[in-house]
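Protein chains in written order, with our numbering: chain A, 346 to 583; chain B, 39 to 300.
Among the hints, erroneous ones may be present.
To be verified - Here's a subset of chain A near chain B, in silico, CB distances under 7 Å, partners left out: (1) G431; (2) E432; (3) V436; (4) T452; (5) S455; (6) G457; (7) T458; (8) R532; (9) T554; (10) Q558.
In short, the hints are calculated from the structure, not lab data. Each residue gets a CB set at the ideal place from its N, CA and C atoms; glycine is no exception.
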Amino acid sequence: MNAAMYKALSGAIVQMRRLEVIAQNLANVNTSGYKGEHLAFGEVLVGAFGQKEQMGGMVVVGEQRVDFSQGELQQTGNPLDLAIEGEGFFVLDTPRGVRYTRQGTFTLSSDGTVVTPLGDPLLGAAGPIRVEGKEVKVTPEGTVLSDGVEIERIRVVRFANPLQLAKEGHSLFRAPESDAQAASAFRVLQGNLEQANVDSIGALVALITVQRQFEAYERALRSMDAATEKMLTEGARI
Amino acid sequence: MRALWTAATGMHSQQLTLDVIANNLANVQTAGFKRSRVDFQDLVYETAPVPGTVSAQGREIPSGFQIGHGARAVATQRLFIEGDLQQTGNPFDLAIEGDGFFQVVQPNGDIAYTRAGTFKKDSQGRLVTTEGFPLEPEITIPQDALSVTIGMDGTVSVSQPGVLQPQEIGTIELVRFVNPAGLQSIGRNLFLPTQASGDPTPGTPGQEGLGTLLQGFVEMSNVNVVEEMVNLIVGQRAYEINSRAIRTADEMMQTANNLVRM
């Protein structure tokens, strides 16, 4: 009896986790370069975690996956807004080490270096990119031209297994530098931003299912409790 | 329940978007105005367990579980995209075609920078902004000037009665910044330099990357009403859907509370 109650409870807890993930996706529905998250659920089968038999059938969060699908492109006309169409990440030199991002809202620092809004320089093949001329042009291959003169090529890297990328906040991803390979199937689009790839209608439906499933678990818990009570009172009468 | 706070950060971010859009729309007719936009980033993640750690059963956990704390605005970025030029025919209306800012002297003696070239003549004949801040370097138009011509390179010449040749009386200088987006706006269409914008580099219009001057034209605001309206709708819908997440979290907590039987 208790085991069944804990199974229902585990289901309710998973729904709360789901809600947290949906809320995170929705809060970032307008964060450019944001990649949505999905939860996959698993049932812990008998013995799967080496636990006792009656603990089988518990629902747990099996896996959290970041959805790396392409976000829609939004034209902004700002020369330092860059979007990657296709695979890959921009490489940034942050105080905590090299980080990766799909957010292309760049600006110039006081010495003309291309940086993120937090001041982390964008890395090219040879290091930070410094623009001195009047006009900046970025070709689809990532070559940066300043007043028509080629000055640097933006590094765009890919990961064989994007699941190793951990989110760090500030729209940054963390991964071992040694796993980064040069990407090839991409285009850098100047004057565009990649929007978040969050599907708000899907999220709305998910919000409803989360709530209803949570309620269903609550019902289950209540009826199990009622059954226990009945067993105790009627059992006592015999 | 963290979802409540996460969704609240989303609502707060969207509110900021609306504030910025409202300011852009209010300045749709302001000469030389540059629109802003808000850039967002996701907030830090709580990771439990860290991907790659080993579980009690000796297995490596492949992806872990990361819960974010929502979104936040990191910057309002001013977009120095050129606005459309409007012909006014007023000889003291100057538009900059390309990069650059006019320098004007504020009453406290500090220099501020502007793209709004709607200059006027004050009682002493100086070229001043609508607020009466004189242009730097000062240009004084002689009282008896019949006409004023301002060339693309900033040279100001006047024709006077009885003089055949137009007289050159001064040159309007422009300055440029490495990173104009880093300028601080102080209202009245004026900007001040900051550490992020870098120091101003003065020069002659049309040289060293500076734009040229166009007399009789005004640079309009670069706000695009249709684009702002679309952004407004996007912002409002995002606000709504975040409030929906808050309601769901609230109702789930209520359901949980109902578990306890009286």
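Right, here's what the structure says about each hint:
The interface hint given for G431 (chain A) is broken, as the beta carbon of that residue sits about 22 Å from the closest beta carbon of chain B, more than 7 Å. Proximity of E432 (chain A) to chain B is violated relative to the hint, the smallest CB-CB distance being about 19 Å (cut-off 7 Å). Interface restraint check: V436 (chain A) against chain B, minimum CB-CB distance 17 Å, threshold 7 Å, status violated. The beta carbon of T452 (chain A) comes within 5 Å of a beta carbon in chain B, closer than 7 Å, and the hint placing it at the interface holds.
Interface restraint check for S455 (chain A): the shortest CB-CB distance to chain B comes to about 4 Å, inside 7 Å, so the restraint holds. Given hint, G457 (chain A) at the interface with chain B, holds; its Cβ is 5 Å from that chain's nearest Cβ, closer than 7 Å. A least Cβ separation of about 9 Å between T458 (chain A) and chain B goes past the 7 Å threshold, and the interface hint is therefore violated. A distance limit of 7 Å between C-beta atoms decides the matter here; for R532 (chain A) the minimum to chain B is near 22 Å, and the interface restraint is violated.
The beta carbon of T554 (chain A) comes no nearer than 10 Å to any beta carbon in chain B, farther than 7 Å, and the hint placing it at the interface is violated. For Q558 (chain A), the interface hint is violated, since its Cβ never comes within 7 Å of a Cβ in chain B; the closest pair sits about 10 Å apart.
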